[in-house]
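Asks: Residue numbers (the working numbering), protein chains in the order written: chain A, 743 to 916; chain B, 1014 to 1574; chain C, 9 to 314.
Think of the hints as simulated: they come from the structure by calculation, not from any bench.
None of the values given here were measured: they were computed from a predicted structure.
From the three backbone atoms N, C-alpha and C, an ideal C-beta is built for every residue, glycine too.
Just so you know, not all the hints are guaranteed correct.
Unchecked claim - Listed next, with one range per pair, are the computed distances between beta-carbon atoms:
1. A:Arg-760 / B:Glu-1358: 18 to 26 Å
2. A:Thr-744 / B:Gly-1136: 51 to 59 Å
3. C:Ile-280 / A:Asn-844: 19 to 27 Å
4. A:Asn-844 / C:Leu-59: 30 to 38 Å
5. A:Thr-762 / B:Asp-1038: 48 to 56 Å
6. C:Leu-276 / A:Thr-762: 39 to 47 Å
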Amino acid sequence: MTLMSKLREALLGLRAGRVTLPYPLAARPVPARFRGRPIFDPVKCTGCGGCANNCPAREILLFDLCQEIRILHYLGRRCTYCGRCADVCPEKAITMSHEFENATNSIGDIQQRLELFMSTCQRCGRCFKEPTPLEQLKLKGYRDDDLQNELWVFRSQAYREKEPAVRDVEIELD
Amino acid sequence: MAAPDILKRLKDKAGPAIQRADLPDERRLFVFVEPSALKGLCQFIFRDLDARYIISIGADDRPHSGRFLVAHNFAFDKEHVLCSLLARLPADQPRVESISDVVPAANWAEREFRDLVGIEPVGHPYPKRLVLPDGWPEGVHPLRKDVRWDCVPPGYDEHREFTFDEPPPGCVVVPFGPFHPTLDEPEHFRLYVEGEVVRGCEYRGFMVHRGIEKLAESVLTYNDIPMAAERICGICGCVHNVTYAQAVEQAAAIRPPERAEYIRTIMLELERLHSHLLWVGLAGHIVGFDTLFMQAFRIREPIMWAAEKISGNRKTYSLCLIGGVRWDLTDELKAELHAVLDRLETEWRAVAAVVSRDRNVQKRTRGVGVASRELVKNAALIGPVARASGCDIDCRRDHPYAAYDRVDFNVVVEQDGDVWARLLVRVQEVFESIKIIRQCLQQMPDGPIQLALADELPADRLGLSSVEAPRGECHHFVLTGEQNRPRRWRVRAPTYQNLQGVPAMIKDQQLADMTISLGSIDPCFSCTDRLETIDLRSGVTRVYSQAELLKLVRTRQANQR
Amino acid sequence: MNLLATIALGLLNAATVLLAAPLGEGLLRKLTARIQSRQGPPLLQPYYDLLKLLCKEDLEAGQVPSMQRFAACLAFAAVVAVAWLVPMGAPAPLNAHADVVLLIYLLSLCSISTLLAGLAAGSTFSLLGISREMMAMVALEPLLAVALVVGAVHEKSLRLEAVLSGSVYGAAGFPWSGLLTLLAVLLAFQAFVQRAPFDMAEAETELMEGPLLEYSGPKLALFKYARQAKLMVYCALFVALFAPWGLGLGQPLAWLWFWAKVGVLVLLVTAIAATHARYRIDQALRYLGGLLGVALAALVLATFGY
């Protein structure tokens, strides 16, 4: 009978109680494997470019400023949080954090730019990154307060962008 | 009758017209025929051998073979064979005989390759634009290899409006979409209504066409494409992800590890669970029964949490790579999944018991949106829509993939073919899915979840994969290529076929039933819109002229300024 | 009643209806939410919604904006006017100046204002919505009229105080006609107040809100307020006609008792609305037509004194 089934439907709902979560008034914890915003660790990163090669959205760019400086730029616009960059990174320098509240109107909040100081191989001349922080400290130009040595580091003009490659989002409020 | 037998029957019928036949295994058949014999063979397969039509594909193969390629895919469900009839067309004159008069279900697919690849289906009963908007210039076919993926052709008029057909006399035009509270995605059903009765409709969609296939063929690589494929749909992404991976694996003759197959099965069934529960809620909302909507979504929520614990995201699992999966199931996760399934089963049994006796809901769904068996055959409808009309087809049993050949389950079939039957089918399939997941959790062997692929995948291989999505059969066709990407990738989502049956289902029904009839095929327009659109039409009389209606809309807009 | 008492009582009725209507809506939403296992909006949310809408810009959308404004005001005014004719725990204010016929006309005016609203908007969906509304009206108004006439037949008078005091049970012996009328009106009550399963005129998923499609801001506020007040007024009418007992308790107890009964009726409406799917217009018409037949049978019985 319809009346009985309707009564039972109402009871079903009432018995289940209230399932409304208090978010955003209370924090909502996420599971361990949750794929939030990727965080790049400049200490561990060796500049291999595996993440850039494997990003399906092509949102990680690698740019060689000069012989010793490689820029890794995570643009974060089309990032789909798939986690491939974290999977392929040989140094485990990328973590898929638990941050999901990423809305912002300033793209700079999400972008990450890593300046990687690379040594040169004595045999072939190509860049590589020193394996330990102690070795990295010995590199020319690594210490910010070493102004004398700063002069020896060639800075490309291209790096001093007058206009940012990606503009902040402007929202018009009437 | 396995693939070799089917091939023999084709050879008996067509003889010398068959140029080449590939049988990678017992379940796949690729037959290259002469273009002139294509239509006859398709008719033979569709009518005499009683195969099910899947899709027609057009491809630009000129950089490699100097020719265009046309393929018609069919499924032999009882023989467990997927078959593709291919023909190479000359580059200067890509014309092929249309098969839409013998296989009505091919209507959209042929209009699609006419728009996107420029292969002309000669004799098509309704050669109107499907995917490309009316403002797109002639002669620029996006899927051709000489057109860049980010090209905006000169002469593209983005403000040109769609040209609709004339409505039949005597009917009012009721526009349904692109913005409508019921619809999550934009599409336009132009209903021709007489009083409260729908006499016909014209469909115009593909408004969110994102060009995923073109991207896959130009910019992405084999392992990037699963991430793009799973974003084809907002509900059934895992299906596309898995189907693509399986198609490439079949083309490259790769077998993923057994544990990976079981994990794929589990995630696919989890997706089916959440999709069916969502649909039951949505159907309730469409008929004004919001309580069923809320309850279905409440019961569904633990599945989303379980999926998030396993894969890191509630819906976009990013599960597959070529040769395996990315996420493994630990023992804690297995135990949690068992608990979720137990709770889900108890609650869903209660809901199913109550809803199945609810005469109020039955009054709105019985006898509504009926699809006859003939319509199912001619329009090649699939999934719960076909199963509710008495057709016993299910890709999990007919074309086994992943671990489905190692688990037991029933295929739920109803006879009435109306919305109520589809509701019952989906409600019952939830229990079958729970059964499958439990068996997988029990039988899952230990081992690796990803193959280490050392070599590049071979080029010029064909792969077909059919997966039973919650909405029906999801079918991918892959032609592998160079530079680590496919040469042609064609996605046929289930809603693509089911939408073609909608005008027949809503004809001569009440307007109020239109939404629930459309909703009962569980439409996923995002899935459909990666390709072309089709419209259907019927004869209805017109009260307002199109100009008058446009004037109405424009004066309103002008007043608002 | 002298003029001052009439005006005071009328204003009290109108003010109570207007103040209680959003609260009734809030109760409705809260109970619906509990049945749907969720928290639901705060109880006072409808007040905030109305305030928000009233403060918005009065956009002109639709075919005839002046007619739209008129329709919104008419809807609101008609419902408030009915409040002056219904005894709400005290005698009806306009007792000496109006009768049941005027009540029927004013109630029809509420529906007619919705028709005007849809016509003035002029979009396809509004026109479809008002065609449904018209069809529903054709079935509903006679039902209410017949119920009131049953009472009038028993009391042999069309005066408000006579009819709206449980007059349907006025038969000499067992009140057959009264019970039949009660059954008919009770089963059709959801249609009177336009809630599920009979809310097809404003079906969001089918018609994009139907007649109210082109309304926003203050006009929409008036319509929403009118709809909420309509629920209150109809519940009050029902209680006055079918469950008027306890009026002799003396003020203000009788007044409170009356509104408690109205509250119970609102909860009943909510429970039914939350657990039902919407019917199609043809199904609804068949159902209401059947109930009209039952009411007519009650009328026949009433004329014969049963």
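Asks: Enumerate the violated hints, using their earlier numbering and listing them in ascending order.
Replies: As far as the earlier hints go, 3 and 6 are violated by this structure, in ascending order.
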